[in-house]
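Chemist: The lines below spell out each chain.
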Amino acid sequence: MILLSLLGISILVALIMAFIGDWRFAPEVNIGGSLLTFIVSLVLALQVYHEGGSISGSTYFFVDYLNISLVVLTTLVSTTTAVFSRRYMRVEREHGRVGHWRMRFYHAMFQLFIFAMLIALVTNNFGVLWISMELATLATVLLVSLYRTPTAIEAAWKYFILCGVGIAQALFGTVLLYFAAERVLGAGGNALLWTNLSRVCAQLDPTVMRLAFVFLMVGYGTKAGLVPLHNWLPDAHSEGPTPVSAVLSGLLLNIALYALIRCKALVDGSLGSGFAGNIMMGFGLFSLLTAAFSMLRQKDIKRLFAYSSIEHMGIATFAFGLGGPIATFGGVLHMIVHSLAKSATFFSVGHAAQMHGTQEMAHIRGLIRGNPAVGWGMFLGVMALAGMPPFGIFTSEFLILTATMKDAPYLAPLLLLGLTVAFAALFRKVQPMVAGLIPSGQKQLSAANIPVFLHLALVLILGIYLPGFLANWFHLAVEILK
Amino acid sequence: MAHTLAAQINSLLAALILLSAFALLAQRKIMGLVHIFAWQGFFLALSTAVIGFASGEHHLYISSLLTLGMKVFLLPYILYSLVHKLKIHRDIEAVVNIPTTMLLGIVLVVFSYHLTAPIRELSNLMTRSTLAVALATVMLGLLMMVTRRHAVTQILGFLAMENGLFFAATSATYGMPMVVELGVALDLLIAAFIFGIFFFHINTTFDSLDVDQMAKLKETD
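Just so you know, the sequences run in chain order A and B. To convert, count from 1 in the first sequence and add 207; that's our numbering. To convert, count from 1 in the second sequence and add 19; that's our numbering.
Where hints are given, some of them may not hold.
Stated by the list, open to error - List of simulated lysine-lysine pairs, DSSO-like, C-alpha gap at most 30 Å:
id : chain 1 : residue 1 : chain 2 : residue 2
1  : B       : 104       : B       : 235
2  : A       : 506       : B       : 235
3  : B       : 106       : B       : 48
4  : A       : 506       : A       : 636
5  : B       : 48        : A       : 636
6  : B       : 235       : B       : 48
7  : A       : 636       : A       : 650
8  : B       : 48        : B       : 104
9  : A       : 650       : B       : 235
Read the hints as simulated data drawn from the structure, not as lab findings.
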């Protein structure tokens, strides 16, 4: 019941926004709607905690320790993004970049996107998971091209075509999964349910599951932005409005990875070997290294952080591929802290770009002097992303590195190399932007600071002190993936 | 007896689907492509109905009708009217190397047969031999999206891929669960709405639907 209201609220707000999205108080309604879903998701999380385990709403939906963590994260980040978007979109509107219709469209699609992601997380059915992933893509395609500039249209078209191709492979994988499942569970909708499949995964035919995983990996890997399937990502993340970049980087990539690790759990159960894990480790490491070196030569600030998202997704994919309790724990934690830190950084980046009227890093200077909150927000966010202690990303990367030393020591140098290069790239690019004198032509604006510092505070808390119940929670989430 | 006959009819239809996938690769006229796509949808709907009749899985009739409505009438109609509104119905795409593309296509078909071989051995459905054709259709759609530079052609490749996926589901498992098939159809409808908007945006911004003009977003060195 609570589960259904969670989904109901977001689709209802999306519908309302289609009519009043350009109203003066529409951003507030948008925040309210997101906040409501956040509160509902907290209630749901408490329920899971008290009842100790998974709740199945019906055969269609289910909640366990793993997906509820991501539901809470998704609704939290969508709320803070709505808060940020209020100020940000106001400035964009004053500059005449978006009109009435586009504001309606923007708000409605934002909520539809959240709705699609929530379905993807709580659905029990692998087919529905695919459908909602595709819906989330479709909802954001036109948000990427919101400004209708030639580059924005190009980016959105690339996003549409490449993700369409990628996700089609995942559908073929799902067909194969159904083929394998049908032989054990019988025909009909029940054969695609996670709750059934995870029970019988040892009986699924290994040959079919192996083939299915290759297709699922390519499909969901495209959506998670893993190299070499990542071409759409830097364009889509850099050309859309910044609130959209924040949710694309912070949330959508996580959902794709979530889909992938659910599939991996089934394939592992069926094959009993490291086949899926090895593929994921390969993709993860390759993404980390490629993205880290690409970051060195970026000029556009949003592209820089788009590559940083690829890098972090690579680390998380690697961790899940490595498997074992420590690495998986690190992977789950990494998904959460990266999401918080990356969206916080994008908020600051959005304001910085608005202050300078450009996304070119060479023209963004003197942020701390010009607007201390934006400057420090960006600097701390970047430090968190670069994996500096005491932020949470340091903790998760440390866990992953420790597990690598133990289980695959020959890969540890490569992992370290990627992390070091990424750190160097981020620091070298960001330091001149935040320090230094104020350039001429820098405009002042009232920034939305609460979302940034709220996220950074959470990342910090998760880094220095993981409360007992939360650590326990993540351990239980890790159990599910075994 | 009825089964073998149905299986034979289905194989024939599968061959026609594959043939239309190749025809899409070779066709250069935009309107011609839309017509071939409609025919492919028709063969697909017919094949689904035949499988539904022979296997007694009656939900396949619904899928068949859905395919008929969407892929034979609605989507081609949308494309047809878009192409006319954009005044590109006489467009002939300048494609080089069609013979090479066709040869590559043949390689992909062989590859598909090789890839699906273990599944054919596991399955005891009468449609098991057509799964390879389905995968080949997906691959050929992919090839079309990669080799063509016209926005409408790329979308047709995308839709042909979707046809292949649908055919894969009917061949491998007599169709996906109903809720999934409906959801996929819904996504397809939304996608149609989106590419419709896109054609206009691309056309007004770049004065043509040639996607090669969209090459501003390159990695800067």
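Chemist: With reference to the structure, classify each hint as holding or not holding.
Modeler: Hint by hint, here is what the structure shows:
no. : hint          : in the structure
1   : B:104 x B:235 : holds, 27 Å
2   : A:506 x B:235 : holds, 14 Å
3   : B:106 x B:48  : holds, 13 Å
4   : A:506 x A:636 : holds, 9 Å
5   : B:48 x A:636  : violated, 49 Å
6   : B:235 x B:48  : holds, 27 Å
7   : A:636 x A:650 : holds, 21 Å
8   : B:48 x B:104  : holds, 16 Å
9   : A:650 x B:235 : holds, 28 Å
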